[in-house]
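Produce the complete structure using the sequences and hints provided.
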Amino acid sequence: MSIDVTQIGKQFGTFTALSDVTLHVPDGQLVALLGPSGSGKTTLLRVIAGLETPDTGRVHLAGQDVTHAGPGERGIGFVFQHYALFKHMTVFENVAFGLKVKRGAARPTAATIREKVMRLLSLVQLDWAAARYPSQLSGGQRQRVALARALAVEPRVLLLDEPFGALDAAVRQELRDWLRQLHNELHVTSVFVTHDQEEALEIADRIVVFNAGRIEQEGTPGDVYHHPASAFTYRFLGRANVWQTDAREQTLVRPHDLHLSPEPAPGAVPAQIVRVHQVGPTARLELSRAGDLPSLEAHLPARDVQAFQVGQQVYVSPTAQQTYSVTSS
Amino acid sequence: MSIDVTQIGKQFGTFTALSDVTLHVPDGQLVALLGPSGSGKTTLLRVIAGLETPDTGRVHLAGQDVTHAGPGERGIGFVFQHYALFKHMTVFENVAFGLKVKRGAARPTAATIREKVMRLLSLVQLDWAAARYPSQLSGGQRQRVALARALAVEPRVLLLDEPFGALDAAVRQELRDWLRQLHNELHVTSVFVTHDQEEALEIADRIVVFNAGRIEQEGTPGDVYHHPASAFTYRFLGRANVWQTDAREQTLVRPHDLHLSPEPAPGAVPAQIVRVHQVGPTARLELSRAGDLPSLEAHLPARDVQAFQVGQQVYVSPTAQQTYSVTSS
Amino acid sequence: LNVSYDPTRELYQDINAAFAKQWQAKTGDTLKINNSHGGSGSQARSVIDGLEADIVTLALAYDIDAIADKGLLPESWQKRLAYNSSPYTSTIVFLVRKGNPKGIKDWSDLVKPGVQVITPNPKTSGGARWNFLAAWGWAQRKLGSEAAAKDYTTRLFKNVPVLDSGARGSTTTFVERGIGDVLIAWENEALLATRELGEGKFQIVVPSVSILAEPPVAWIDKNVTKHKTEKVAKAYLQFLYTPEAQELIAKNYYRPRSQDVAAKYAAQFPKVNLFSIAQFGGWRAAQKKFFADGGVFDQVYSGR
Amino acid sequence: MTTLPSRRQARRHVLPGLPLTLGYATLYLSLIVLIPLAALILKAATLGADGFLDAVTSPRVLAALRVSFFTALAASLINVPIGLTIAWTLTRYRVPGRRLIDALIDLPFALPTAVAGITLTTLLAPNGWLGAPLAEAGIRVAYTPLGIIVALTFIGLPFVVRSLQPVLEDLGPEPEEAARSLGATPTQTFWRVTLPALYPALLSGFTLALARTVGEYGSVVFISGNLPFKTEIAPLLIVGKLEQYDYAGAAAVAVAMLVISVALLLAANTAQARLSRRGER
Amino acid sequence: MVTLTLVLVGLLLLLPLLLVFITALRSGLGPYLQALQLPDTQAAVRLSLLTVLIAVPLNTVFGVSAAWATAKFDFPGRSLLLTLIDLPLAISPVISGLVYVLLFGRQGWLGPWLEANDLKIIFAPAGIILATTFVTFAYVARELIPVMQAQGRDDEEAALTLGASGWQTFMRVTLPNIRWALLYGVIMCNARALGEFGAVSVVSGKIRGLTNTLPLHVEILYNEYQTVAAFAVASLLALFALLTLALKALIEARTGRAHT
Ligand SMILES: Nc1ncnc2c1ncn2[C@@H]1O[C@H](COP(=O)(O)OP(=O)(O)OP(=O)(O)O)[C@@H](O)[C@H]1O
Ligand SMILES: Nc1ncnc2c1ncn2[C@@H]1O[C@H](COP(=O)(O)OP(=O)(O)OP(=O)(O)O)[C@@H](O)[C@H]1O
Ligand SMILES: [Mg+2]
Ligand SMILES: [Mg+2]
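Chains as they are written, first to last, in our numbering: chain E, 4 to 332; chain R, 4 to 332; chain W, 9 to 312; chain U, 3 to 283; chain B, 94 to 353.
Hints are not guaranteed to be accurate.
What the hints assert, rightly or not - Chain B is faced by these chain E residues, among others (derived, beta-carbon under 7 Å):
(1) Leu-54
(2) His-91
(3) Phe-100
(4) Ala-133
(5) Pro-269
(6) Pro-273
Claimed, not checked - DMTMM-like cross-link-like pairs, simulated, lysine to aspartate or glutamate; straight-line CA separation at most 20 Å:
(7) W:Lys-296 - U:Asp-248
(8) W:Lys-78 - B:Asp-247
(9) U:Lys-232 - W:Asp-306
(10) R:Lys-105 - U:Glu-178
(11) E:Lys-90 - B:Asp-248
(12) W:Lys-78 - U:Asp-56
(13) E:Lys-103 - E:Glu-118
(14) E:Lys-90 - B:Glu-345
(15) W:Lys-106 - W:Glu-184
(16) W:Lys-234 - B:Asp-133
(17) R:Lys-90 - U:Glu-176
(18) U:Lys-232 - W:Asp-301
(19) B:Lys-213 - W:Asp-229
(20) R:Lys-90 - U:Glu-178
(21) W:Lys-297 - U:Asp-172
(22) W:Lys-120 - W:Glu-184
(23) W:Lys-259 - B:Glu-317
(24) W:Lys-209 - B:Asp-248
(25) W:Lys-29 - W:Glu-238
(26) R:Lys-103 - U:Glu-178
(27) W:Lys-236 - B:Glu-208
(28) E:Lys-119 - E:Glu-96
(29) R:Lys-90 - U:Glu-171
(30) W:Lys-297 - W:Asp-159
(31) W:Lys-272 - W:Glu-255
(32) W:Lys-29 - W:Glu-255
(33) E:Lys-105 - B:Asp-248
(34) R:Lys-119 - R:Glu-96
(35) W:Lys-40 - B:Glu-345
(36) R:Lys-103 - R:Glu-157
(37) R:Lys-90 - U:Asp-172
(38) W:Lys-296 - U:Glu-178
(39) E:Lys-90 - B:Asp-247
(40) W:Lys-78 - B:Glu-208
Simulated from the structure, these hints should not be mistaken for lab results.
Note that the structure is a prediction, hence the values are computed from the model and not measured.
Ideal Cβ positions, reconstructed from N, Cα and C, are used throughout, including at glycine.
What follows is the structure, encoded as structure tokens:
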């Protein structure tokens, strides 16, 4: 089911959390909302879910206007940032909840519920934990229960608010892979919130970058990463060196887009190597330039770094760069 | 001041938190204790600080036996995982605390204290916040206050327990750079705890890998990363593909150590590309092999990936690999 | 419903039983009589505030007057029954510890330094007002002037270490807590205490002069009309004057009105030189002069 | 960030039930609390401003108010160290019988005040278990302000302990360890680090105890001796005025007490909010 | 420290409790049981139970409503409401009784109307129940509000997105989440309701067998020099108190939570 959000505005008191947000999510896509803390990601998700009423604008699901429908009527599944599992229910009961509260003829029989819940639990590889309480599970396992619970009501749209926010690096990576895989299997239209650019770039079909309540940029991960429309997006998507700056313009370069050579070259500027740190396939070099030009960080493939050492004078040139007018950042 | 920890053992009830830990930290180094949750990192730090008494073994600071000295007598500065700032004191009062509680002649005059505290606060770039309470600061700022507080008593050794644990990615990076820089300036012997391998690899002079109360491996970041002594260390320091495994041995390969070619090559095995994801300088490829061999993840420089596409048959060979006996992992 | 004041619990338990029996014999109806006890003033207040008492048997006429002021019974209620509507009397005596270690004989001994006197608070206790007036009356007679009486009572209250809110509280304090050298009390209370609580531990001292305490009774017209209990209520109160009831009264240490019964229990009730409330111009006047806010009692107390 | 309670929505609350629950709560509050209190204030108002002032500034009323507030204040102050000691022991030591002690803390709360009053009087009267040895030492407790203070200490104790316990438990050893690692002695650590962190909880416990004990009646009348100007408490005065059919006067004293306690409560709440605001993470 | 605590608890709490039971059993078990079987005692027990049975549920429903409204929503006047809920806690019990006398007494604002309609509130069980309700007004609410506030709205919102109705959400999600706090609040409210003296004594009229609650009955017996009976009834109340504490300890053990 497609999601259409049109000119949504939302104020909290005098604070504008969303202003004029318009977004189209095609059926079956996995979309990431990316942005700094407080930029309105959660608020937009809650508006789509019906947990928050927008001040202006409309929400359509599958072409149907649901702006004033309650959260239960929209056919969405919501996975909360801190899981919001029901502590007093077992894993099984948590997942079964959405089915058990259906009314009248819509409510499946106990046997159907049982079967369906167990199927979902095995999908999230937690069938062995059906009788446990959430407090007996690890963070990553809870997250998967939250997902199974949201999926139980067969939502047409899955909304996930920082699904991996509270987890540590290794578990995060594992769940990330797993979510991508699940999405490939089920093809439910999904929107997930994150403030981790790597996560967004890695698993989303499309990325929506938020800044201060507005959509800053929207596109495929490649688009967004390679053609950031503003200095904000550029900086938000990875480490940025300020190559040069003046009153009007600023030129930014990624650390891996810096080319180093021991000899002077056209367009290259002199710099001194302050520190070399090599870890894994990449070496990180800290370079200081003359004058009050900002220092640079360069990333080189490990095999290229042998040629350089601390204190050496080198010549640096960017192989790719982006220039933004200063007011836009 | 050097730190020497000799054959330390520590039990909590029946649980062994540290067993036979021996460690030498030379004067002026920045050492990272790295290891999974519950492996005993904090416990060792607390033993060095005198906050925990070891069951066996001795602690020497600068060659002097301090095993039975109180935490106040050791001349250490301790930065707690959750800062442990005094909530009812301003930033200034927090930093001044260690000086104000000195007794008799050792206590500096109010003017000296004032001057010293302000100097430290400007060192951590928080002189403007002297009159604030900790609750009015962001996480990163609190962390810096905790550091200034620990530095105020001019410790001979600085101990930091997951100093960046509770912070988000951007702030973490900033503080990391900053800690490295501070250490370069002050040259206080420092030990910091982390469970983030990238952090350890990036800023430490030496890394100590912990596993289940023991030191698993110890060395420079390069040593540890390039020559992991065990499968545990290998896996803990980065993503690992299982290249092959049998009852006795297991061969592990890093994703960037996989070489792909469209044509068969000696030692290369056939695989199919399941997914290609390109972001920034690195492309990630998911490969499935025939039979029940585990699937692989390969990382290629972005410019090399044009040659490949999803569904294509490729031939994979490792350029570097490590083999461990299965019992050792 | 009989609403009564503190020290009469035992008496009315007996009376109720006797009356109910008699009433049943006479009319065949079984009667349930409920009792409520508390400080005389608070009981009157309850009635005023809507406690639907049929009968009140209180410590002083003033409290019934207060009820009459609200129109619940006629002003002239005191004329409706014999002896000013008080079927029994009592007086104020002293209770001292065995052997009378402080040698207390009369009112004058109470103001000696070092003598601790227990009496309740006249502001909250009807009985205490009798105590106060008894002391005052003695002083006025003996010492001549009002000023002297005021001085006397001031000194008297300087010797009071505990001022309970009710007569029963004072007795408890004196008897059970062992506080004080002398308790100023109703004669019936003192007798009850010596008999029931500590046979031989206490003894009664009768002062040379005391007041004639006349606890009044009345039916509340408005409530009996509402409950249609007028007949029973009247019968109940009249029953109090019968020899049978007078016996019970005497047994409960009140001085009976009936000469015959009085004669029979003469040993129990020593002759005292008594004066009555009339000396102060009746209860309304006495209340106003002595116990109203800012009245003599307050002056006595602030003079401490 | 959590998007919890501070959410204003112009149109519609997503969670249902606000009109119903708020309506019911307000209605019930009005019926049970507000209307009766209004009646009280209206009654006091029948005296007129001068009459009201006269009624509440008569020396006896002032004295009683003073006794009430002084004893409540004293008892609440005494409860601060006592409560701290008990709460500290309960949270920091594994004492045998800890459970039992912990359960007993609420006894004054659950025990009817009249029973408490009678019992304490029996204990502390010069011939009581505790009163006798004390009397020998020349200390009179029952029927003196001291007695009132003891009764109020009993009544107020749970409030202080219960306010402190969760905070103590929550405190964690870290600030203390930080202080030790900075060279502070255990004494310095207690006075400069631990105690200040407890101020908000101490203050709130103190305030609750104060609010509760200022108006306490049941347990006090038995033990106080009720001497005007000395041990007569304000609630007793209210009862006394009622006995004399002086409703307006009683209401006036009641209003005076009400105003003072509410003012106290508000002042303490404000102070506490300020203390804890600067202390929160 | 530990010793000091033991001494303090012993002197301040345990000794009075012991005294109650020792005095009650001073003349042996027979008189003790006899005292408890007096018709007036039984009537007092009945009245006290009736009071509790009405006051506690009323305050519970109020507590849940008020907690729901104030913890899950923000609306103008919310903090005023929170302050007003606390008000009865700071009011002297005697005043609580007084306000009802002023309102419903024969001299009070509604007195004449009540009398005209032959409704009795003051000096009748209704007045006792009202005064008790007033005194115990805030207990459940105060217990629930912080708990519900700490829990936030996440669970309820999760239930709503799963299609539950408002009532289903409350019954299946909110209620189980607050059940221990609720029970705890009810127990404390119950204990206080059972033991209230000051407020009740002002509105009761103290008619034996009709408007005497247990605490009033204790006072009356005590004033009649029936020390054993008085303490027997007091011990009954103390037993209730101990039962309350035991229940509470049980709840704490169940929830692993230490305190309010
Ligand atoms: N109920 C509310 N009342 C007032 N302000 C709110 C409320 N909910 C959100 N806000 C504000 O709206 C802004 C956007 O909040 P939102 O939760 O959407 O941010 P976010 O992008 O999800 O941030 P994060 O990454 O920290 O979760 C924030 O500044 C927040 O303080
Ligand atoms: N006071 C204590 N009592 C009992 N067990 C303890 C205590 N302190 C630590 N432990 C146990 O000792 C082990 C090591 O704890 P430690 O805090 O040193 O781990 P860590 O490596 O710092 O882990 P983390 O990364 O989670 O902080 C853990 O299993 C922990 O449960
Ligand atoms: Mg968010
Ligand atoms: Mg740790």
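Consistency of the hints with the structure:
no.: 1; hint: Leu-54; in the structure: 5 Å, holds
no.: 2; hint: His-91; in the structure: 4 Å, holds
no.: 3; hint: Phe-100; in the structure: 6 Å, holds
no.: 4; hint: Ala-133; in the structure: 18 Å, violated
no.: 5; hint: Pro-269; in the structure: 59 Å, violated
no.: 6; hint: Pro-273; in the structure: 56 Å, violated
no.: 7; hint: W:Lys-296 - U:Asp-248; in the structure: 13 Å, holds
no.: 8; hint: W:Lys-78 - B:Asp-247; in the structure: 61 Å, violated
no.: 9; hint: U:Lys-232 - W:Asp-306; in the structure: 14 Å, holds
no.: 10; hint: R:Lys-105 - U:Glu-178; in the structure: 16 Å, holds
no.: 11; hint: E:Lys-90 - B:Asp-248; in the structure: 9 Å, holds
no.: 12; hint: W:Lys-78 - U:Asp-56; in the structure: 26 Å, violated
no.: 13; hint: E:Lys-103 - E:Glu-118; in the structure: 13 Å, holds
no.: 14; hint: E:Lys-90 - B:Glu-345; in the structure: 17 Å, holds
no.: 15; hint: W:Lys-106 - W:Glu-184; in the structure: 14 Å, holds
no.: 16; hint: W:Lys-234 - B:Asp-133; in the structure: 26 Å, violated
no.: 17; hint: R:Lys-90 - U:Glu-176; in the structure: 12 Å, holds
no.: 18; hint: U:Lys-232 - W:Asp-301; in the structure: 18 Å, holds
no.: 19; hint: B:Lys-213 - W:Asp-229; in the structure: 18 Å, holds
no.: 20; hint: R:Lys-90 - U:Glu-178; in the structure: 12 Å, holds
no.: 21; hint: W:Lys-297 - U:Asp-172; in the structure: 63 Å, violated
no.: 22; hint: W:Lys-120 - W:Glu-184; in the structure: 24 Å, violated
no.: 23; hint: W:Lys-259 - B:Glu-317; in the structure: 17 Å, holds
no.: 24; hint: W:Lys-209 - B:Asp-248; in the structure: 71 Å, violated
no.: 25; hint: W:Lys-29 - W:Glu-238; in the structure: 18 Å, holds
no.: 26; hint: R:Lys-103 - U:Glu-178; in the structure: 16 Å, holds
no.: 27; hint: W:Lys-236 - B:Glu-208; in the structure: 16 Å, holds
no.: 28; hint: E:Lys-119 - E:Glu-96; in the structure: 12 Å, holds
no.: 29; hint: R:Lys-90 - U:Glu-171; in the structure: 16 Å, holds
no.: 30; hint: W:Lys-297 - W:Asp-159; in the structure: 16 Å, holds
no.: 31; hint: W:Lys-272 - W:Glu-255; in the structure: 9 Å, holds
no.: 32; hint: W:Lys-29 - W:Glu-255; in the structure: 16 Å, holds
no.: 33; hint: E:Lys-105 - B:Asp-248; in the structure: 18 Å, holds
no.: 34; hint: R:Lys-119 - R:Glu-96; in the structure: 12 Å, holds
no.: 35; hint: W:Lys-40 - B:Glu-345; in the structure: 48 Å, violated
no.: 36; hint: R:Lys-103 - R:Glu-157; in the structure: 14 Å, holds
no.: 37; hint: R:Lys-90 - U:Asp-172; in the structure: 13 Å, holds
no.: 38; hint: W:Lys-296 - U:Glu-178; in the structure: 67 Å, violated
no.: 39; hint: E:Lys-90 - B:Asp-247; in the structure: 12 Å, holds
no.: 40; hint: W:Lys-78 - B:Glu-208; in the structure: 14 Å, holds
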